[in-house]
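**Student:** Protein chains in written order, with this note's numbering: chain R, 1 to 175; chain A, 1 to 499.
Honestly, the hints are just simulated from the structure, not real lab data.
Nothing here was measured: the structure is a model prediction, and the numbers come from that model.
It is possible that some hints are incorrect.
To give an idea of the interface, some chain R residues facing chain A are shown, with a C-beta separation under 8 Å as derived from the structure [claimed, not checked]:
hint, residue
1, Gly54
2, Gly109
3, Leu111
4, Glu132
5, Ala133
6, Leu140
7, Ala144
8, Val169
Listing some non-contacts, in silico: residues in chain R with all C-beta distances to chain A over 12 Å [to be verified]:
hint, residue
9, Lys2
10, Gly9
11, Val30
12, Pro41
13, Arg55
14, Pro83
15, Thr100
16, Glu102
17, Pro118
18, Ala124
19, Ala145
20, Glu150
21, Val151
22, Thr154
23, Val164
Quick reminder that beta carbons are idealized off the backbone N, C-alpha and C, glycines included.
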Amino acid sequence: MKYAVTGAGPDLEVEVLDPPAGPGRLRVRVHGREYDVGWSPALGSTHWWLEWDGRRQMVAIEPEGDGLGVTLAIDHLDLRVAPASPLPRKRREQGGTLQTVEVRAPMPGLLVTVEVRPGQAVGAGATVAVIEAMKMQMELRAPAAGTVREVRATGGREVSAGEVIAVLVPDGGGR
Amino acid sequence: MKPIRRLLIANRGEIAVRIIRACRALGIAPLAVYSPIDAGAPHVRLADAAWPLPADAPAESYLNIARLREIARAAGADAIHPGYGFLAENPAFAAACAAAGLIFVGPPAEVLERCGDKVHAREQIAAAGVPVLPGTGAVSDEEAVAAAGRIGYPLLIKAVGGGGGKGIHVVDSSADLPSALRLARGEAVAAFGDSRLYLERWLPRPRHVEVQILADAHGAIVHLGERECSVQRRHQKVIEESPSPALTADLRERLGAAAVAAARAVGYVNAGTVEFLLDSDAFYCIEVNARLQVEHPVTEMVTGVDLVEAQLRIAAGEPLGLRQNEIVRRGHAVECRVGAEDPHHGFLPSLGVIEAVREPAGPGMRVDSGLAPGLPVSRYFDPLLAKVVAWGATRQVALDRMAAALDEMAVSGVRTTLPFLRWAVRDPAFRAGEYDVRFAARWDEWVNGRQPDQDALLSAAIAAALWAHHRHRRTVLPRTATADGWRRTARIESLGEGS
Chain R
1 MKYAVTGAGP
11 DLEVEVLDPP
21 AGPGRLRVRV
31 HGREYDVGWS
41 PALGSTHWWL
51 EWDGRRQMVA
61 IEPEGDGLGV
71 TLAIDHLDLR
81 VAPASPLPRK
91 RREQGGTLQT
101 VEVRAPMPGL
111 LVTVEVRPGQ
121 AVGAGATVAV
131 IEAMKMQMEL
141 RAPAAGTVRE
151 VRATGGREVS
161 AGEVIAVLVP
171 DGGGR
Chain A
1 MKPIRRLLIA
11 NRGEIAVRII
21 RACRALGIAP
31 LAVYSPIDAG
41 APHVRLADAA
51 WPLPADAPAE
61 SYLNIARLRE
71 IARAAGADAI
81 HPGYGFLAEN
91 PAFAAACAAA
101 GLIFVGPPAE
111 VLERCGDKVH
121 AREQIAAAGV
131 PVLPGTGAVS
141 DEEAVAAAGR
151 IGYPLLIKAV
161 GGGGGKGIHV
171 VDSSADLPSA
181 LRLARGEAVA
191 AFGDSRLYLE
201 RWLPRPRHVE
211 VQILADAHGA
221 IVHLGERECS
231 VQRRHQKVIE
241 ESPSPALTAD
251 LRERLGAAAV
261 AAARAVGYVN
271 AGTVEFLLDS
281 DAFYCIEVNA
291 RLQVEHPVTE
301 MVTGVDLVEA
311 QLRIAAGEPL
321 GLRQNEIVRR
331 GHAVECRVGA
341 EDPHHGFLPS
351 LGVIEAVREP
361 AGPGMRVDSG
371 LAPGLPVSRY
381 FDPLLAKVVA
391 WGATRQVALD
401 RMAAALDEMA
411 VSGVRTTLPF
421 LRWAVRDPAF
431 RAGEYDVRFA
441 ARWDEWVNGR
451 QPDQDALLSA
461 AIAAALWAHH
471 RHRRTVLPRT
481 ATADGWRRTA
491 RIESLGEGS
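So that you can see chain A by itself, here it is in the shape it has in the complex:
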């Protein structure tokens, strides 16, 4: 056992902030790195010290293994936490850390290798008696065309080295296969540096349910219950909750046992997630995610277990000290991901500089955020800005708190997914817990088919007229509530002078 005293965090944004908080709870010194545009980011300010990375492109910054190793040495770090994405599931990085005498906070390199080879991992999991979906191994374009006929359309193209929904494409017919393969290979290379792809049967309307597991280096494995992650856009989760409204007590128990069996089959160590597709009461294991998930806070809220703290303890060699029957889940938690995407224009990335932020608070609320005024939102990084998490004694209470919190939150500088999230948590089907992976697509129908009501039209028209009135008037009218407001109004009006 080797205690961790100084932890280098090889990540950015909200997850870097989250890891810093776990360090503070354990008395570990958190050390940050940052690309040039992240120089003023919250994780840089909250850490004990921060080191610059040469450029913004991921290969030069948060994927820059050589530079991260140098920084770890210079900083006197004894461990590195990769967060999620970037190097989190990169066996070469885990091995490089081990070779340099650094603790990699995550599974050992060989486990990452095993889980990252999704095709092989699926075979091992199936051999352990856990149901899996039919599919192929890594295939060339020619082999894909041949195998597609056997699997049948529609089917999924997935990246062998993938994760986080990147590089996944649904193909409806053989005519679409060549261009989908080309796009998927392009994305796979850009995101993972690995062009290998495989095919998998596609279920039309499954629910996506995953199970959090913790495994120590001494053979103990427990699960911390499930997360329902069926609200997705482009195969990226946007709303997650725990417990899943779709599971019976019996199904929940079987899913938990299957997750532990799958984790054992791949020799898992540290915190991980076993993902399943649920088709009425049948479930299929799709993969083991060998990292801390974005949506881990919902599990923390219902179990009271600090998963990042658990990761650090496991990485240091401590035994779990937590038996399955000691994990008690209480109440209901839901998480909404606020991203820099424009929900009214096809969720296109919205780039810019964060001007100001208002984050919600209140009973049962938690906001994990990487937002700060002046932070550039660039094309280099993921659009995730902040995660709003609500806990309640019941699902109803948690969703009511979430709805109010989303109304409270505002971000100036880029467009965000907040309008979509506000719509989703008020949707009657979502409120009833009756939704599947197709749910989010209904937003597009809703947005395109909807004529905003008279009140909304009038509000927007009045607001537009008052905005124009402010720009066109030389005198400041009306008097605003704060000095800040005065300055802002004055600035806006002066901008309007020239036009």
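Extracted from the complex, chain R is given alone in its bound form:
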């Protein structure tokens, strides 16, 4: 079974070969070279022991959107992995002609205030909202100058990570 791994520099093809090398061991081919790889659960549903080329390390893997967050001892990589197949990769359609920018909550927390209203012009870096978690307050700023098209959340409410707070139409990006 072949997997295409993308997201970290050059695309890689990793082939998992049958039969496995033994109990808890797999055979993997990368860059035309075959490795005998140890792979077993290490902790919870996220941490795995990976052993190859004479080195054993713990790797944490968590689904992240439609990709995978892979954390090694120090490094973290956002990867995408899919069975390598001749199917053409889906391209995301460009929605409409109106370009918009979303201001999203970077973390779950309490939305303290929303400081803009629809139709309001905002400068780049202007405060759009203030969010609080773990006693820390953080300003969400407009990534570009533009006009507020939509406000989707109100102050005093819990928001989840990635939730859209407001939608802006950047200057020069309209129509």
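Use these hints to put chain A onto chain R, whose structure you have.
**Tutor:** Showing chain A alone in chain R's frame:
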């Protein structure tokens, strides 16, 4: 003198566990409280008994003075330990305890009042001949704008009622002052229920060095040497060590004497910390922290003194029984704070439920932890999960032990600061002891500028492919080492079936 027999611990997490251990050493019955999401937390299980608090929000739980007093009465407690944070430096709470005939394990209310008024405390400390930084008293926004011109930029906004790095903002120019004041007031209200702010000169690259002191109710004060706390993120300490690699013997002696003078100036009683900024060989006292510090274990490791035990004895009215020349420091200790923050995404809080934990051990190691499977990590509380402490005969040995311990540790369920800590203790400048309060900011440059090496890329790619392989295969392959592993693998695969 009034012995303590039953101690109510008005806190949670690792510090509640730490206090329970001190109780066990002294034969005191430890009594816990818990908010709903902490019902399964380690401090609840380790205590002799535990009482629920009405809700998770701090005002309803660990800041709920009225409920804590009721519980103390119902539990037959004769003393309350506030830990750090929450009510630790709240004079009203200390006074309420005293009024109810309870021993508050910490400084008396009037000392908390004095230390909490940072502006006034600084005047008293300066009057005792200890150098302090230029700054203002509590200021309105208008007064801040006027005073800022005199102090000069960049400057610091700090909360009068603050501590623990909360409500502190660096302001680079007058244009940024209004929005920084607004954020700082918001944080100050949220964290301390007090919106008052003051300004202070900001040194660009100081080291943060603090001195542990112990003072009894009979006028004896000793210091237990310094802690170097320059590795900070958002003004929160993340790595501390003792002794500081920055001090000469002469400077260390002067700093210790200054700390004792500062403590005496504010009439200090119980365990406390005098914080200084060190700018080459000049030092400035910034405040007296009237509580047990998060980083107290490094001092315990090098002095052998149990600081929580000392707190309990002092609170019960016992004399210190420890003279300055009897405090001998041995070897080197370092502490790393493991927090639920994602170091690869701007250290944003990482919330979730702890699934599993692996904590390190070995010669010279100590882990103070509040972690347990099933524990929710919520937005209500501080992100600190556990403190990993390493002792060695030399700094080199302590850091080597720490590096190995951080590699051993793993937490499943939330992202943690472990990758950052692993990076820091291997950094050549840190290893050489040459770092200041700007050190941690280098992580961001490093993370953003770095292209992981070929080995790391290949490891990650292979791991990602094997993970996907497991999800997509119906049969369990390969056979894993433990029954637990089997179950986990099976569960993961069944999750993958639907997709």
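**Student:** List, from low to high, the hint numbers that the structure doesn't satisfy.
**Tutor:** 1, 3, 6, 7, 8, 9, 10, 11, 12, 13 and 14
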